[in-house]
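**Student:** Chain order of the listed sequences is A and B. Numbers 230 to 540, taken from the numbering used here, label the letters of the first sequence in order. Numbers 2 to 284, taken from the numbering used here, label the letters of the second sequence in order.
You may find that some hints are simply not true.
Short, incomplete list of chain B residues facing chain A, as computed with Cβ under 7 Å [as the list claims (entries may be wrong)]: (1) 12; (2) 16; (3) 109; (4) 118; (5) 210; (6) 213; (7) 217; (8) 252; (9) 256; (10) 284.
Just so you know, the hints here were simulated from the structure itself, not pulled from any lab data. Ideal placement from N, C-alpha and C gives every residue a C-beta, glycine not left out.
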Amino acid sequence: MKADYAIETAALEKIYRSRFRGREVTAVSNLTLRVPPGVKFGLLGPNGAGKTTFVKMLLSAVNPTSGAAAIFGRDTRDPEARRPVGYLPENHRFPTYLTGSGLLEFYAALSGLEEPRRRKRSAELLDLVGLKDWGDVRIKKYSKGMLQRLGLAQALMHKPRLLVLDEPTDGVDPVGRRDIRQILNHLTDTGVTVFINSHLLSEVESFCEYVAILNKGRLALEGKISSLVAGRGYRIAAYALPPEAFDEIRHTGASILPGVNTVEFQVSSREAANEVIDRIRASGGLIESVAASSSSLEDVFIKTTSSERAA
Amino acid sequence: MSAPLTHSRSRVFAALISDTFQEARARWLFWGLFGLSSLLIAIFLFVLRIDIVQGAVSFMGIEATARPIYNIRKFVNVSYSWVSIVLYIWGTFLAVFASAGLIPSVLEAGRISLLLSKPLTRTTLLMGRYAGNLAVVALNHIYLICSIWIIIGLKTGIWEPRFLLAIPISLFIFAVLLCVVVLIGVLSESAALSVMVAVALMLISTILAQRDVVVKLLDSQWSRDLWLAFYWIIPKIYDFGVAMKDIILYNRGTDWLTPAWTSALFGITVLSGAIYIFKRRDF
């Protein structure tokens, strides 16, 4: 594997085997993924899709059944591969007997940082994440949002080239989320690769440039977000539409989203939108609204995971 | 191996030991150990304040109190040897109880995944934790045994340095039992089960050590062989206690090498097994 990618996996697979019953569960299957350096990459997928297992395989908390994974070209089984990585796990459990700065210094020491640099960096980062006055306080007194910010500071202590964040804004208030986004944006400006595993589609859409969607352990979709959500169209809402008009309009290729008093039609072209409007008016219905629309990441996500489900 | 990498590894190891200390302090295990040791020291001080030396000499039949004590050294050596046994049992039990939770705690979900994401091997992580545990207990053993030695020395004016052998001997046996605690901790993540197994081993070792008597009582050869096989496999906690007492009391070379290497072999095997399982586990 080449060092051209921040993360590169080849046919990565994880099968959990029950020790006594002999049952097998495939968490990740034949996953080949490449994350270029310096980008903001989002990993999405429904619950149980294998996202966390994938991240844990990258960081050696889970041993792959087969396949290979590399970070900046170095096999992840080599501990040195993890030196340029900063990681914030989901549902982290930091030792509550440590203070904020004690925690930062401990994890930085495990990353090989010498003491004077640890002290200096811990003060800088506590300031950066808004916990400047909390460095000497034991973390059992921290709120969930504060712990999340401290976790981010922990991941940044040794100036990593790759940041792996599992649900980074979980439990953080809106202002805190904005602050975290700003910090991450600043990091990517300096060339750091940010890899986010999140279930918050809007967060991934607003922050990331690239996305991969996992479903049932397989890579269902991968690409640049701007390309994936490029499918534009029109949304027409109609009022008092007789039921017999539905079939007629469906023939135009419009997708129908029934509401309480109104019905919405989604079409992909200007011509189709005009045809739908003509048919609504011809059937005696009234136009409530007409709007240009673009498909969101949520649409892409639902389409991808539901088509996989149907298959 | 490059020098910066070696420095980095020693920093990691030092950080893991320091973290174990901090956790032991925060969980009151450190202070609990020292508190109970201090209590034992206080009891010992109190007993000696009553000035029972003369009376005890008489009681033990070494010398009548009516006459001057000429064999006070023998008495003090007997005291030293018995006190060392008490400290050996007391210290080992307490140490096992105190350390049992320190391995499972590090394996908690959300904590272990972050530790494993750092550039260190799983062996380093486990060994760092092991060394941290050992260091906590070593400090306590040094405090307890040295204090008692100083008290007896001040009281009697007889300073028997062989008594201090109780420190490395107790620590060695604890190191072997800690291997078992680590293995059970890695397998089950249960502190209670770790304690149960370690204490059971101490008791089994005592029973198996009575082999001279038991072998005569067993009627079949295979049962005698089985008994002896178990005896050689299990760490010789009882034999070590007896060897320590004999060395302190008689200053004679008892066969402590055989129990030492067989127990060490047991510990190394168990710890290697723990590392092997820890490396293969998914968290």
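**Student:** Against this structure, judge whether each hint is valid.
**Tutor:** Hints, one by one, checked against the model:
At a threshold of 7 Å, the smallest CB-CB gap from residue 12 of chain B to chain A is about 5 Å, leaving the interface hint in force. Interface hint at residue 16 of chain B: satisfied, since its Cβ lies 4 Å from the closest Cβ of chain A, which is below the 7 Å cut-off. Taking 7 Å as the C-beta contact cut-off toward chain A, the hint placing residue 109 of chain B at the interface holds, the least distance being around 5 Å. Here the hint on residue 118 of chain B is kept, as its CB sits about 4 Å from the closest CB of chain A, short of 7 Å.
Of the supplied interface hints, the one on residue 210 of chain B is violated, with its beta-carbon coming no nearer than about 36 Å to a beta-carbon of chain A, more than 7 Å. Restraint check, residue 213 of chain B versus chain A: the minimum CB separation of about 42 Å is more than 7 Å; hint violated. The restraint placing residue 217 of chain B at the interface with chain A is violated, with a minimum CB-CB distance near 43 Å, outside the 7 Å limit. With 7 Å as the threshold, the beta carbon of residue 252 of chain B stays out of range of chain A, its nearest partner Cβ sitting at about 45 Å, so the hint is violated.
Given hint, residue 256 of chain B at the interface with chain A, is violated; its Cβ is 43 Å from that chain's nearest Cβ, farther than 7 Å. With a least beta-carbon distance of about 5 Å to chain A, the hint placing residue 284 of chain B at the interface is held under the 7 Å criterion.
Against the hints set out earlier in the document, violations occur for numbers 5, 6, 7, 8 and 9.
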